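> Start counting at 1 in the sequence shown, then tack on 49, and there's your number in the numbering used here.
In case anyone wonders, no lab produced these hints; they're calculated from the structure.
Be aware that a few hints might be false.
Result set (DSSO-like, lysine-lysine): computed pairs, CA atoms no more than 27 Å apart in a straight line [said to hold, decoys possible]:
| hint | residue 1 | residue 2 |
| --- | --- | --- |
| 1 | K236 | K128 |
| 2 | K118 | K194 |
| 3 | K118 | K156 |
| 4 | K118 | K238 |
| 5 | K235 | K109 |
| 6 | K109 | K194 |
Derived CB-CB ranges, DEER-like [as the list claims (entries may be wrong)]:
| hint | residue 1 | residue 2 | range |
| --- | --- | --- | --- |
| 7 | A226 | A269 | 28 to 34 Å |
| 8 | G234 | L279 | 50 to 56 Å |
| 9 | T206 | S122 | 16 to 22 Å |
Treat the numbers as computed from the prediction; the structure is a model and nothing was measured.
Note that beta-carbon positions come from the ideal geometry of N, C-alpha and C, so glycine has one too.
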Amino acid sequence: MLSTRIAARAARASASKAQFVPSIATRTYAAPAAANSKPPVALFGVDGTYASALYTAAAKSDTLDPVAKILDSTSAVLKKDPKLGAILHAPSLSAEDKQSIVAELLKTAGGASGAGADTVKNFFSTLAENNRLGLLEGVCDGFAKLISAHKGEVELTITSATPLDQKVLRQLEQSVAKSAFVGQGKKLKVVPKVNPEIKGGLIVEVGDRTIDLSVSSKMAKMNKLLKETL
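Can you make the complete structure from the sequences, with help from the hints?
Below, the structure is given as structure tokens:
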């Protein structure tokens, strides 16, 4: 797994005691953006700020699509390897460790070369220098939302206790597409999620609207009613 390779590479880097001098210490993504590089929607939180900064940088360099592809791959790697998340959050990472992590992430996510590679490399290095590698998964999710908004898509998140088959997902997509929740000319982007804690039923999120039809929600309401009645 990537986490194992990163750990081994970091160990070799520490053993060599090579001096790592960040080549981008003065880089900043906070410069005013051109009108056409402004993020299409506002994101909140530190990871949202970084995702918006990356969007601006990618838009300015006309590499939105290739950067989005690299971040999608990065997100998949992070979700596949839970140990990697723990490594990224480790407060004791040295400069060599961070350099190794960035190199391995770029290699695994297909961002070592090609269109968008320089933008992503610079961004990952900035996260590493600012001790923000632990935000990477949130940044990937935030960037995906910005790309969806840029393409005129409305994200439809369907959370279930167990995976839903494609037929059910298509039926839900068709039902929501005809509703007032989706603006005219907008496209739906279906994002299925699994959360066993909801016990059963569904939680449907469209844009900033949430419809909670989960069993856990119904149980919570029932428990509240019982406490108020008894």
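> Going through the earlier hints one by one, which of them does the structure break, listed in rising order?
Every hint satisfied by this model.
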